[in-house]
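Just so you know, the protein sequences line up as chains S and R, in that order.
Residues 1 to 231 in this note's numbering are what the first sequence spells out, letter by letter.
Residues 1 to 407 in this note's numbering are what the second sequence spells out, letter by letter.
Hints in this document: simulated from the structure, not taken from any laboratory.
Glycine included, C-beta positions come from ideal geometry on N, C-alpha and C.
Check the hints yourself; a few may be wrong.
Not the full set, but computed from the structure, chain S residues with beta-carbon under 8 Å of chain R [as the list claims (entries may be wrong)]:
#  : residue
1  : N50
2  : N72
3  : Y73
4  : D75
5  : K76
6  : S79
7  : R82
8  : F88
9  : R98
10 : T100
11 : V102
12 : V107
13 : P108
14 : L110
15 : Y111
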Amino acid sequence: MIEVEHIEKTYRRGDGTPVTALSDVSFRIAQGEFVTVRGASGSGKSSLLNILGCLDTPTSGTYRLSGEDVSNYSDKERSHLRCRRIGFVFQSFNLLPRTTAVENIEVPALYSGEALDRDKALSLLQRVGLANRSDHFISELSGGEQQRVAIARALMNDPPLLLADEPTGNLDSASGESIMELLSDLNKEGRTIVMVTHDQAIAAYAQREFYIRDGVIASDGRPPERAALSG
Amino acid sequence: MEWYRTISLALRTLLRNPLRSFLMMLGVTVGIAALTTMASVGEATKQETMRRFKRMVGTYDIVNIAPGAARTRGMPSLTTVEPTLKFDDATAIAAEARTITQIAEVQNAFDIDVKHRDNTTASAIYGISANWLEMHGYFIDAGTPISDDDVASLARVAVIGIDVQTALFPNQDPMGQQMRIANVPFQVKGVLVSRGAGPGGGSLDNIVFIPVTTASKRLFNRDYLTTINAKLKDPDRPEAAIEEISAILRQRHGIVPPGEDDFTVTNPRATAEQVTQVRSTLSTVLTGVAVIATLIGGLGIMSLMLIAVSERRREIGVRRAVGATRRDVMLQFLIEAATISVMGGLAGVALGVAGATIAAIQQDLPPILLWSTIGGSVVLSVCIGLVFGLQPAWKAANLDPIEALRN
Ligand SMILES: Nc1ncnc2c1ncn2[C@@H]1O[C@H](COP(=O)(O)OP(=O)(O)O)[C@@H](O)[C@H]1O
Ligand SMILES: [Mg+2]
Chain S
1 MIEVEHIEKT YRRGDGTPVT ALSDVSFRIA QGEFVTVRGA SGSGKSSLLN
51 ILGCLDTPTS GTYRLSGEDV SNYSDKERSH LRCRRIGFVF QSFNLLPRTT
101 AVENIEVPAL YSGEALDRDK ALSLLQRVGL ANRSDHFISE LSGGEQQRVA
151 IARALMNDPP LLLADEPTGN LDSASGESIM ELLSDLNKEG RTIVMVTHDQ
201 AIAAYAQREF YIRDGVIASD GRPPERAALS G
Chain R
1 MEWYRTISLA LRTLLRNPLR SFLMMLGVTV GIAALTTMAS VGEATKQETM
51 RRFKRMVGTY DIVNIAPGAA RTRGMPSLTT VEPTLKFDDA TAIAAEARTI
101 TQIAEVQNAF DIDVKHRDNT TASAIYGISA NWLEMHGYFI DAGTPISDDD
151 VASLARVAVI GIDVQTALFP NQDPMGQQMR IANVPFQVKG VLVSRGAGPG
201 GGSLDNIVFI PVTTASKRLF NRDYLTTINA KLKDPDRPEA AIEEISAILR
251 QRHGIVPPGE DDFTVTNPRA TAEQVTQVRS TLSTVLTGVA VIATLIGGLG
301 IMSLMLIAVS ERRREIGVRR AVGATRRDVM LQFLIEAATI SVMGGLAGVA
351 LGVAGATIAA IQQDLPPILL WSTIGGSVVL SVCIGLVFGL QPAWKAANLD
401 PIEALRN
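Produce the complete structure using the sequences and hints provided.
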């Protein structure tokens with residue numbers, strides 16, 4: 001599904017000095033895996049996820065998505081990939097304010113070139129457990145509910161890959177856990193998930209964990225068992 | 001994104017922030033309202049001027065020959081014209097010109113005292129050939145018109161306008177009554193149908209018609225004419241008649257082409273168009289001002305859109321993240337700008353039509369609805385929206401999605 005080879009990402013600060021956020025990152029993620037990316041703040045997790053999500057391009061190295069080398073794709077081509085092949089979930093939900101839940105879920109469909117399908121949006125809302133909230137405005141929903149709407153939106157165009165950047169970071173632990181249950185279920189249904197977190201307990205939901213330190217993958221293995229953590 | 005979806009999204013976005021939308025509309029509304037009013041009033045004024053001119057000259061199917069080279073605007077009269085156009089010239093034109101069917105002679109003067117007993121007024125006196133009234137579409141309300149016999153016999157008879165009747169013969173039948181024109185006695189034999197106001201706003205009914213021979217020999221003692229009217233054989237080709245008549249007169253007056261003509265031949269339609277052209281120069285300037293006001297409205301849209309783009313960075317980031325291309329975002333903002341501008345334009349058209357109607361009622365003009373102006377206003381406001389929306393839309397489309405999503 002994902003093949004990353006020798007990726008580097010260097011930003012330029014305002015004064016022109018370069019900041020290396022990722023250096024020589026290589027890995028493969030197979031279809032259906034649930035991977036977490038863990039690391040301290042500033043270690044390069046978001047930079048990596050933005051590249052995987054085609055929001056950004058690597059400074060060097062190659063990124064193959066389903067066998068396609070997308071490292072040098074144009075802005076337009078990357079937009080199309082984001083539209084149909086990738087679903088994004090953010091820490092701060094990023095829903096459109098003053099818009100209803102169901103309208104938010106439909107936004108990706110506006111750009112897919114397919115006819116709008118209200119029923120699909122409603123069934124996704126049901127899938128994330130908010131069937132009765134379709135006409136509620138975003139401001140009327142709790143944080144956990146908003147993140148569910150955001151997940152439903154990410155699923156609107158049926159992307160095989162879901163990317164989540166600290167999806168539970170703004171939630172209390174109970175809502176966070178239920179979001180993680182939802183993501184686990186989606187993974188069990190066959191969707192590939194890459195999730196950024198700095199919380200070990202959250203990382204335990206995945207089958208595989210990358211630990212990033214200063215832009216380098218320091219370890220790649222099984223996360224600690226949940227039971228071991230809670231005990 | 002499909003068009004109707006983009007437009008409905010724009011409408012919903014604009015309705016979500018009604019105050020800002022109202023402010024965005026305002027400038028364009030004011031500009032387009034001014035434009036619509038101006039254009040409608042201008043057109044109404046022009047049409048009314050043309051109508052009044054037509055009413056004054058009676059017909060466009062003639063050419064008028066006046067003495068003097070390229071005389072300045074204003075009606076010719078005995079006191080202002082050169083004595084170069086004679087009765088013989090009229091006779092010669094009638095005999096030789098092939099492009100015309102008949103001619104009428106005129107000897108006129110303005111501000112001549114007319115009297116009946118103690119009632120006095122000052123009127124225009126027109127000495128005319130018997131065919132003049134019919135040629136110009138002037139109708140008799142009571143009595144009979146000037147006849148060929150009257151002209152042949154130098155009869156002291158007069159056909160008067162309604163203003164003269166009112167001034168000299170209040171509450172009595174003027175027919176057969178005596179009146180004095182510059183102390184020469186005349187008998188009233190007819191009253192004209194009222195013609196209303198002329199192009200300058202003055203009355204066309206303060207007028208007395210008498211036989212041209214009587215005017216020349218018994219009233220003014222002048223042997224030259226102020227105007228010769230010639231009826232066109234082909235009303236669509238006044239130029240041919242102008243050429244032919246000019247040639248005849250040049251020969252008679254011994255004028256060799258580099259030398260200046262001592263007469264002027266004009267077609268009243270051309271003159272009317274010139275007059276209204278001068279008037280519409282003013283309305284062109286005012287229209288220019290209204291267009292500038294509309295452009296300033298466009299600048300208002302631009303600055304408010306730029307603010308909106310900064311405020312809606314996150315929305316733009318979200319749309320980009322879920323698959324909107326730069327083009328999608330660009331179109332969304334362009335359509336928003338065009339939509340608000342058109343809404344402003346339509347409101348402006350409504351206000352403008354209302355304004356034009358009020359102005360028309362006040363100025364006693366026929367209210368007219370100019371579809372070209374309405375269509376033009378809508379097109380203009382679309383263009384304003386698109387042009388002034390361009391920079392904000394470009395800015396929105398080129399936001400870096402990661403940057404836009406950052407807290
Ligand atoms: N647009 C940018 N310009 C300059 N430096 C950046 C930019 N984005 C991220 N960085 C830097 O890159 C490093 C990695 O950032 P990031 O990927 O956001 O880390 P994390 O998500 O793990 O907190 C940090 O040092 C950060 O300051
Ligand atoms: Mg981060």
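Next item on the list: With a cut-off of 8 Å on the beta carbons, see whether N72(S) makes it to chain R.
Entry: Since the shortest Cβ distance to chain R is 17 Å, the answer is violated.
Next item on the list: Double-check R82(S) for me: the hint is only fine if its C-beta lies closer than 8 Å to a C-beta in chain R.
Entry: 5 Å, holds
Check: Measuring from the C-beta of Y73(S) to each C-beta in chain R, is the shortest one below 8 Å?
Finding: Interface hint status for Y73(S): violated (12 Å vs cutoff 8 Å).
Notebook entry, point to check: How about V102(S): closest beta carbon in chain R under 8 Å, or not?
Noted result: Violated - the Cβ of V102(S) stays beyond 8 Å from chain R, reaching only about 14 Å at its closest.
Checklist line | Hint check: 8 Å Cβ-Cβ cutoff, K76(S) to chain R | finding: Holds: closest Cβ of chain R sits about 5 Å from K76(S), inside 8 Å.
Margin query: Take the shortest C-beta to C-beta distance between P108(S) and chain R; is it under 8 Å?
Written below: At about 4 Å, which falls below the 8 Å cut-off, the nearest Cβ of chain R leaves the hint on P108(S) intact, so it holds.
Check: Are L110(S) and chain R close enough, Cβ to Cβ, to be under 8 Å, as the hint says?
Finding: 5 Å, holds
Check: Holds or violated: T100(S) as interface residue toward chain R, Cβ cutoff 8 Å?
Finding: 11 Å, violated
Next item on the list: Classify the hint on R98(S) as holds or violated, based on whether any CB of chain R lies nearer than 8 Å to its CB.
Entry: OK, holds: R98(S) within 8 Å of chain R, min 5 Å.
Checklist line | Interface hint for N50(S), Cβ within 8 Å of any Cβ on chain R | finding: It holds, given that the least Cβ distance between N50(S) and chain R is near 6 Å, below 8 Å.
Check: Would the hint on F88(S) stand, with a C-beta cut-off of 8 Å toward chain R?
Finding: 5 Å, holds
Item checked: Evaluation of the interface hint that places Y111(S) against chain R, nearest CB under 8 Å -> Interface hint status for Y111(S): holds (4 Å vs cutoff 8 Å).
Checked against the numbered hints given earlier, this structure breaks hints 2, 3, 10 and 11; the rest are met.
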